[in-house]
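Could you slot chain B onto chain A? The hints should help.
2 protein chains.
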Amino acid sequence: MKEISLSLIGFGNVGTGVAEVLLNKHQYFKEKYNLEIKVVSITDSTATIWDPNGINLKEALETKESFGSLKFWGNEYEVYELGAYEVVEEIDSDVVVDVTNDKNATKWHLKALKNGKSVVTSNKPPVVFSYRELLRVSSEKDVPYLFEATVMAGTPIIHLLRSALLADSIERIWGVLNGTTTFILNAVEEGMSFEEALKKAQELGIAERDPSNDIKGIDAGYKGVILHNITFYPFDFKKAYIEGIEGISEEKIRENFKKGSVTRLVALVEDGKVEIKPRELPMDSPLAVKGTSNVALIESDLLGELVIRGAGAGIKETASGVVSDIIRASLKTKYL
Amino acid sequence: MKEISLSLIGFGNVGTGVAEVLLNKHQYFKEKYNLEIKVVSITDSTATIWDPNGINLKEALETKESFGSLKFWGNEYEVYELGAYEVVEEIDSDVVVDVTNDKNATKWHLKALKNGKSVVTSNKPPVVFSYRELLRVSSEKDVPYLFEATVMAGTPIIHLLRSALLADSIERIWGVLNGTTTFILNAVEEGMSFEEALKKAQELGIAERDPSNDIKGIDAGYKGVILHNITFYPFDFKKAYIEGIEGISEEKIRENFKKGSVTRLVALVEDGKVEIKPRELPMDSPLAVKGTSNVALIESDLLGELVIRGAGAGIKETASGVVSDIIRASLKTKYL
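Top line first, the protein sequences correspond to chains A and B. First residue of the first sequence: 1, per the UniProt record's numbering; consecutive thereafter. First residue of the second sequence: 1, per the UniProt record's numbering; consecutive thereafter.
Looking at chain A on its own, in the form it has when it is part of the complex (with noise of 0.2 Å):
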């Protein structure tokens, strides 16, 4: 049996998303995998819960029902007022797992892979930004960078394209990455109102309370920046191509709607480019995906067309990737 040890850091959605699947399947994953994973420590906004010996999970997860944070759990000496780069720097774990939405994760990421720990992350700016730095350091340091959930929640689109096709160049990657707005879409082609449209995606959970990321497509831009950084190199955020949603019209809409045509925010990957905008596309096209599904169309010399479509969305399916990377960097399977 192997044994390996975990700081979790964030304690969200996905969060507790992750800690669900680690106590629902901890039998599963010791009987598959031979593996027993131990979570040593878990970081909210207000705390950090830590207990070498492992933490109970139920009672974890029972505090943050409860009581909405984790500066409330029960066991007073087990609570540390510690942040993501402290965690990393003085809690004793093999894998870092960062499923928070901190821009700046990128300093503890790299302080983690330095100390000789695998990063898990769901969290896409440290990818977007930094992925040269992190990719040499963890090269350096022979330890798993893995990021399947940044893009397609547990679809498996990044281990695909890291590790799978490896006789092939691929040309062009087409996507539609962003579940938000092709909700919105599709209700306005439906016949809502663009605002009626935002409003329910937001009470289903779907959009955020701050929708911008979604509509303006910088959260589809992360996306392709992440597809371009595995798929040929690392570029640029700032020279992406984006156009979001908010300037199409609803008549637009629903007029390429009528004629037989959906309208998605595509993404469109190609060596040394980035573009992000509204396309109108045939109804039977493998990119017109309804509700959150995600779907990426690969091109490449021998293989030609390759469709992979998914979930892109939803707690479980994000916790689907943030696990299977932790598995597979608690194997230290290769990942190219």
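Calculated from the structure, these hints are not laboratory results. Model, not experiment: these values are computed from the prediction. Don't take every hint at face value.
Chain copies aren't distinguished; within one or between two, either way the pair holds.
Here are the simulated EDC-like cross-link-like pairs (lysine to aspartate or glutamate), alpha carbons at most 20 Å apart as the crow flies [stated by the list, open to error]:
#1 239 with 195
#2 238 with 208
#3 64 with 20
#4 111 with 65
#5 252 with 78
#6 239 with 31
#7 2 with 142
#8 32 with 171
#9 32 with 299
#10 199 with 210
#11 332 with 140
#12 258 with 284
#13 332 with 142
#14 238 with 271
#15 259 with 284
#16 32 with 142
#17 199 with 92
#18 25 with 299
#19 316 with 301
#20 32 with 271
#21 316 with 65
#22 316 with 305
#23 290 with 280
#24 32 with 3
#25 316 with 299
#26 200 with 190
#27 25 with 271
Only chain B this time, still in chain A's reference frame:
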């Protein structure tokens, strides 16, 4: 620079396709993977050519194209009367590639693994009928046994099932895995008779001269069993339920089509179950592919539904899978 020697066994459509990729992308693989792949022997049904310093692939391809078989190779002293087993036994190489249709290839696959050679195959029967033993020896000797091209050509369904979705429990897989039957059913939907459709498929090189393995569902059955083997555990082919397309009437197919459904030969793979039969599918089902595209829909506990669609046949498309495996085996990247 890592140098890898390779024995290529089989020099028909797939074999020459593999040789072409290795020839044309030689420089690309050197730059991308720091890897030099040297083909030290090529075997077809007439002869083996062997050169420890590396065979000139351009000449080998020209010989094959001009004279149809390798026994006409110009440099007499390099032509040997060696079959696959002798090649594996006598020729020093790191990777053995099987792109034959040899139903009895298991014995030389095992021989290769026992000698510490990696095996890459597009040849299905060993993976269908002897998976348990092959996997055991591969694992004991710690050498890769890889077979991406046995299902969906180079579309990386095998790699995905073996090494992605590590946190998910897979519940079932639906697949349309045989392009010949899709082509025929689609042609019948569009008005052709079954016989005409089959003849056209043969003219286009989609169907074999003896198409019974496709028509009767055997080929799809092989593929279903391979998916079961890697997802759950080795499955006894005799226990698969297999119904081909020869029993359905043209009228029924066209009637379905008129009311908006298509008929496809669908594989269903669950724990302890492989079932191949024609099914009526809504036009907008993810399984409703056309042409030689193949598709698989994977259902799992966390991610929900994942669809992967791509080439299921074709020379370049199959070579894509074989060469990807050759690179994986060469880099000794772990393959779970």
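Each hint, compared with the structure:
no. : hint         : in the structure
1   : 239 with 195 : neither (30 Å within a copy, 56 Å between copies)
2   : 238 with 208 : neither (24 Å within a copy, 53 Å between copies)
3   : 64 with 20   : within (12 Å within a copy, 59 Å between copies)
4   : 111 with 65  : neither (31 Å within a copy, 58 Å between copies)
5   : 252 with 78  : neither (57 Å within a copy, 69 Å between copies)
6   : 239 with 31  : neither (47 Å within a copy, 27 Å between copies)
7   : 2 with 142   : both (19 Å within a copy, 19 Å between copies)
8   : 32 with 171  : between (37 Å within a copy, 15 Å between copies)
9   : 32 with 299  : between (34 Å within a copy, 18 Å between copies)
10  : 199 with 210 : within (11 Å within a copy, 60 Å between copies)
11  : 332 with 140 : both (15 Å within a copy, 19 Å between copies)
12  : 258 with 284 : both (14 Å within a copy, 18 Å between copies)
13  : 332 with 142 : both (10 Å within a copy, 15 Å between copies)
14  : 238 with 271 : within (16 Å within a copy, 49 Å between copies)
15  : 259 with 284 : both (13 Å within a copy, 18 Å between copies)
16  : 32 with 142  : between (25 Å within a copy, 19 Å between copies)
17  : 199 with 92  : neither (44 Å within a copy, 67 Å between copies)
18  : 25 with 299  : between (36 Å within a copy, 17 Å between copies)
19  : 316 with 301 : between (35 Å within a copy, 9 Å between copies)
20  : 32 with 271  : between (39 Å within a copy, 15 Å between copies)
21  : 316 with 65  : within (17 Å within a copy, 54 Å between copies)
22  : 316 with 305 : between (29 Å within a copy, 12 Å between copies)
23  : 290 with 280 : within (14 Å within a copy, 23 Å between copies)
24  : 32 with 3    : within (14 Å within a copy, 35 Å between copies)
25  : 316 with 299 : between (29 Å within a copy, 14 Å between copies)
26  : 200 with 190 : within (13 Å within a copy, 43 Å between copies)
27  : 25 with 271  : between (40 Å within a copy, 18 Å between copies)
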